[in-house]
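Asker: Residue-level listing of the chains:
There are 2 protein chains.
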Amino acid sequence: MTAENRQWVLSSRPRGPVTAEHFGWRTQPVPAIDEGEFLVRTLYLSCDPAQRPWTEMDTYIPMLPLGEVMLSGAAGEVMESNHPGFAPGDLVSGVFGWQDYAVSDGGTGIFPVTKIPPGVDLPTALSLFGVTGLTAHIGLLEFGRPEPGDTVVVSGAAGSVGSFVVQIARLKGVRVVAIAGGASKCDWLTTELGADEAIDYKREDVGARLAECAPDGVDVFFDNVGGEILDAVLDRITIGARIVLCGAISGYNDFDHRPAIRNHYRLIIRRATMRGFLVFDHAERFPHAISDLAAWAAEGTIKAEIDVVDGLERAPDALSRLFTGGNRGKQLVKVA
Amino acid sequence: MTAENRQWVLSSRPRGPVTAEHFGWRTQPVPAIDEGEFLVRTLYLSCDPAQRPWTEMDTYIPMLPLGEVMLSGAAGEVMESNHPGFAPGDLVSGVFGWQDYAVSDGGTGIFPVTKIPPGVDLPTALSLFGVTGLTAHIGLLEFGRPEPGDTVVVSGAAGSVGSFVVQIARLKGVRVVAIAGGASKCDWLTTELGADEAIDYKREDVGARLAECAPDGVDVFFDNVGGEILDAVLDRITIGARIVLCGAISGYNDFDHRPAIRNHYRLIIRRATMRGFLVFDHAERFPHAISDLAAWAAEGTIKAEIDVVDGLERAPDALSRLFTGGNRGKQLVKVA
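Each protein sequence line maps, in turn, to chains F and E.
Its first residue numbered 774, the first sequence is counted upward by one per residue in the working numbering.
Its first residue numbered 774, the second sequence is counted upward by one per residue in the working numbering.
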């Protein structure tokens, strides 16, 4: 156990691809806790596309001030506690940041701290049973509402959320068209995850391929990407289609020049709905989603693809992999 | 009564502002009716923005073929009938087109033919109790769902649908911000129709004015316009906001260069919904909507602003007024 608290702080705003140069490395004393607080030792960090906008703009949380510890989902162990709900030895997940030790009050803001159930390993807690799996389950099933016979399209399909959406859609028996970047990801999506078709947006004309892969149109679109891919799908939606907006990663690295969309009028012609959501708003649905995900994991019909980078010092590099297509499935950083 | 059937047919596709030069004038014999059909003499034509896209692209109906009678909502009188549901003397509304006489089977496609109740004059039947009033009522109340304390923004607010949305929103006791073009329309919206604020998009910065007029954000947006105005409103929506897409007139006259939107990511941050709708899908809600509209008309709390152009020969000019801002309220053409 390190006796110091190593931290990455945001040192400049990345007006382009996010890299290690936007963060400063520093070492602080391990913090003391107050009444109602507990100390968490970080073991794994979660890498999520939303971290990029957090560094540069107000989103559903205020923009991270310069000089503060970089925000990040994480899993860790409670080391000391003055909080009645948490005891030393508890394994927990929450937004603990890029650091060895974090002080928490149990999550009074938008981000909850949750206890990791016994028997669940930390990478699985941060992917299948974490924000990632919950986002996929609730976004697809509550807002996408696929019906038998539907065609579901997923963008960013080889990413953490997308790869679960593909598998959950397949479990619901609908036709699944996955959009991802690169032949190897596309192969993996069809041969390993059960997508009916995969479109390589880097090499193929997405609109033309959608016409082939979704000949009756797109009933549900789970979008992690935005921009040209969203426009191409809008052009193919059916009457009453549901577009679930989870993310818009195509615009995150150059927000001022984020891609516009030109086909929103299709929502009128097709009487369709485009809805943004944030999983933290739907905590009342977590138990049901976890129950489904646990059952599918137990029967082996869903799997969590994990991509681990070793060492807190590599956290910025791990985050940047999300934007270069380096990761497949959930990107984590192993801290200790 | 003319013994001939004068008609405007679509003669070319207007790749820009729609004018009389895109239509051909011809005279045909009054058509004969078959079993199950009836003959309608057109008395008033309804001018609607959607007619413009019908001339150039597939929408929720196929693009109108060249050489066919221009499609148009209308009201008229049944002259002869071989249809069990319609008798000579019945006043009816339906999509009868730019012509003196139309043969109808009662409306088996997307557009219904409805009987006009006794005591309702034809201009009111085509505005308050027609597609226009139904669109405003159902779009705002079923899909916008304004709650007490909400701020509702309406674009194209001085148009036919918009002016009803403003009045219905005011009747629901919410704060109403109307967006229209020109000082006189804005004055009319605040002094006559009860909007709390009006923004003149031709002269004012819509985003800056929204910040003043909707300081707590926009909970419901009823959009007839799209483009820059939609983007400006997206930038101001509250968490859980409902954006109801009724039209996107800013792109109708130059579809290939229709305005893009850049702020759709706001739907994610604000967990908001953007939904297109078409009133014809919601016939089961018509009786309730008509009942509300009739009650408000009887108590004098809603009024139908009507703008009438005289003569079938002026139908193309009347339609073009929708795109130049010439009309206030419902644009009609009096045929006979």
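Read the hints as simulated data drawn from the structure, not as lab findings.
Since this is a predicted model, take the numbers as computed values, not measurements.
Some hints could be false.
[Said to hold, decoys possible] To be clear about the criterion: a stretch of chain F counts as covered by chain E if any three or more of its residues have a C-beta under 8 Å from a C-beta of chain E, and this derived list gives those stretches: (1) 1016-1026; (2) 1031-1042; (3) 1047-1060.
Every residue, glycine too, gets a C-beta built ideally from N, C-alpha and C.
Asker: None of the hints should be skipped; say for each whether it holds.
Answerer: Taking the hints in turn, this is what the structure says about them:
For a cut-off of 8 Å, the count of residues in the stretch 1016-1026 of chain F with a CB near a CB of chain E stands at 5, and the three-residue condition holds. Counting residues of the stretch 1031-1042 of chain F whose C-beta sits closer than 8 Å to any C-beta of chain E gives 10, which meets the bar of three, so the coverage hint holds. Counting residues of the stretch 1047-1060 of chain F whose CB lies closer than 8 Å to any CB of chain E gives 6, which reaches the minimum of 3, so the coverage claim holds.
The structure fails none of the hints (numbered hints given earlier).
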